[in-house]
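**Q** Here this note's numbering is used: the first residue of the sequence shown is 1, the next is one more, and so on.
Because the hints were derived from the structure by calculation, they are not lab data.
One or more hints might be untrue.
[Claimed, not checked] If you anchor each label on the Cβ, the simulated ranges turn out as follows:
1) ARG87 x THR239: 43 to 49 Å
2) ASP138 x ILE30: 31 to 37 Å
3) ILE30 x THR239: 42 to 48 Å
4) GLY231 x ALA45: 41 to 47 Å
5) ARG29 x SER210: 39 to 45 Å
Glycine included, every Cβ here is placed at the ideal spot set by N, Cα and C.
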Amino acid sequence: MPEGDTVYAAASRLRAVLEGRRLVSSQFRIPSLATADLSGRDVVAVRSRGKHLLIDVDESTPGAGDAVSVHSHLKMEGVWHVHPIGRRWRRPAYRARVVLRTETHEAVGFDLGILELLADPDAALAYLGPDLLADDFDRDEAIRRLAADPDQPVGAALLDQRLMAGVGNVFRSEICYLRKVLPTRPVGEVDLGPMVDLSRRLLWANRLRSARTTTGNTSPNGRMWVYGRQGQLCRRCATLIKRGELVSTGGERSIYWCPRCQT
């Protein structure tokens, strides 16, 4: 499931082949951008903001138009693939939403949940809370935002990207477990500093991994403490892991917890 670490890794792959290079062609395969053309323009930066990915394109050719950013959000199924030109795509062509080509490589965005061109991406994403994977992550601001609604369940607060950007459904279950906190516990009863610190450590540790893990074990059945393990034994106390639904931004989302380890 794409979360802040997944988007950070995608930005790193894209940066390696796009940043500082000129686009020889672009194809936007959605109706709203069908006539957009970024060919002949330079990619000046590739960056992630929480779960959002931005490819900043300059006005490198006179008359080509103002600088813009290709903004994408992976949602549940999206992915960016990068490879040398001529290599066979790993997903069917009909699922491609955008193709950006340089002289040597192409970046293909498949099944993107959001794809748009933004003239001022920083303003458009100003609502986001501090980015957990940013070099200048503002810990105090993240704590302040999380603490603003002390009655909100902490499991819901962790998913609210307006408070702190990057945590998704997988990490919020794991963070609550590792802090021994029930996801339904009100924010006002939680020690937020260590929870924010743990969130940053987990995302940072996984930002470039091919297999996400919160246990330190990268084997397929050993990567998670509780997420996706409903009915299996807790790795600490052997109690059966439970699964439920918790209302968060965007609706009800699955949550996993150990009824003995978490209080």
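**Q** Each of the hints needs a verdict: does it hold here or not?
**A** Status of each hint after checking the structure:
no., hint, in the structure
1, ARG87 x THR239: 43 to 49 Å, "holds, 48 Å"
2, ASP138 x ILE30: 31 to 37 Å, "holds, 34 Å"
3, ILE30 x THR239: 42 to 48 Å, "holds, 47 Å"
4, GLY231 x ALA45: 41 to 47 Å, "holds, 45 Å"
5, ARG29 x SER210: 39 to 45 Å, "violated, 27 Å"
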